[in-house]
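Between the sequences and the hints, there should be enough to build the whole structure, so can you do that?
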Amino acid sequence: MQDRILYLWNTFYNGILRENPILRLMIGLCPTLAVSTSLTNSVGMGLATTFVLVCSNLTVSLIRPFVPSGMRIPVFIVVISTFVTTVDYMMLAYLPGLHASLGVFVPLIVVNCIILGRAEAFAYKNDALPAVLDGLGMGAGFLLAISLMGSIREILGNGTLLGISILGQSYNPVTLMILPPGAFLVIGFLMGALNMMTKKGAK
Amino acid sequence: MGPELLIILFSAMIANNIILIRFLGLCPFFGVSNKVETSLSMGMAVLFVMTLATTVSWTIYYFVLLPFDLVFLRTVFFILVIASLVQLVEIFMKKSFPVLYKALGVYLPLITTNCAILGTAFLTVDYKYNLIESVVFAVGVSLGFMLAIVMFASMRERLDTAPIPESLKGYPIIFILASIMSLSFLGFAGMFGS
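Top line first, the protein sequences correspond to chains R and S.
Mind the numbering: the first sequence is residues 1108 to 1310 in the numbering used here, read in order.
Mind the numbering: the second sequence is residues 14 to 207 in the numbering used here, read in order.
No lab work stands behind these hints, which were simulated from the structure alone.
Please note: incorrect hints may appear among the correct ones.
[What the hints assert, rightly or not] Over the 12 Å line for every Cβ pair with chain S, so calculated as not near, a few chain R residues:
id : residue
1  : ARG1125
2  : CYS1162
3  : LEU1236
4  : ALA1247
5  : GLN1276
6  : TYR1278
[Claimed, not checked] FRET-style restraints, in silico, Cβ to Cβ:
id : chain 1 : residue 1 : chain 2 : residue 2 : range
7  : R       : PRO1203   : S       : LYS182    : 42 to 50 Å
8  : R       : LYS1232   : S       : VAL69     : 30 to 38 Å
9  : S       : GLN100    : R       : ALA1207   : 44 to 52 Å
10 : S       : VAL69     : R       : GLY1177   : 39 to 47 Å
11 : R       : ASP1110   : S       : VAL77     : 48 to 56 Å
12 : R       : GLY1275   : S       : PRO80     : 51 to 59 Å
13 : R       : LYS1232   : S       : LYS115    : 30 to 38 Å
14 : R       : LEU1124   : S       : LYS182    : 18 to 26 Å
The C-beta atom is built at its ideal place from N, Cα and C for all residues, glycine as well.
So this is what it looks like as structure tokens:
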């Protein structure tokens, strides 16, 4: 029983730090760089992706006895795009502002490599509960990384966080940070900092 | 070619560069930009598939999805169309153009999961382009992709001999390089309309 709980916890925790999809595995970069112009957008994208990830992991793990291995990729794609369409239309109905600022990246969740990757690498081989936890963990890792990016870019580029002024009137915003070059710059230095920290820890 | 088409072409290629400004297709951009030759092959493969995929998905959108009121299925339709199109192209090229097939080889299947292709298909629908505009847009986008990836590869080849701070080695410096390149492309913003 204890082992089982430990195993489930590790399944969840794995995605947050050890195999963080963005900062460690370098997958799902396109939406991360594109929509992390503010914390609001980042959290919206992170939650939408987590929802699709959990639902598709659950579905794939439930239907796996009926899916022949030769047909699995097309089946995964249909499952994923069904949930993406759901999210797309739900967001359009309830959060039209967020939907407009995320733009084409909402339907593009379907080609986010994290989702297909987890369906293939984890959900197709595991039961429903671990698959859901894996989806939650990976989703949380994605949400954390994209929110970190979004916070840094919003604070430096706009002087605000969630639209509330943080750095005050005297701060002159570096608009570059919310423009495309800022995204590459922030993730570059973020990975550099992570390298530096892990190297120091290893010594 | 009228001035509007030229504007679409150049704005898609430079001012709204698919990789550096729109952030689509980053995986192949970072993945296969080690050498100039491989990135050129990737660029050719993208040009080929993107033009075809945009034409086919445009046709499907306006002649199947809209008349039958199935617009909500566009995500499912587009991705399946692109995936099967890549398969078809692969089989066809293997039989008819073995030389070209060998040159593009590994890059063709990789393109199925390239968000630039699907993204371009969505954008042509969002911008309400007609068929000719869509094709010109797709060609512009893929030329922009090729331009960015080939330039990036030639810079990366020079990185090998550059003195880089220890913790920035590997991916971090590549992102910083991309940032500087994106900055130079940003200089064209507004030059060809929005």
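Under the constraints set out in the numbered hints, which ones does this structure not fulfil? 9, 10
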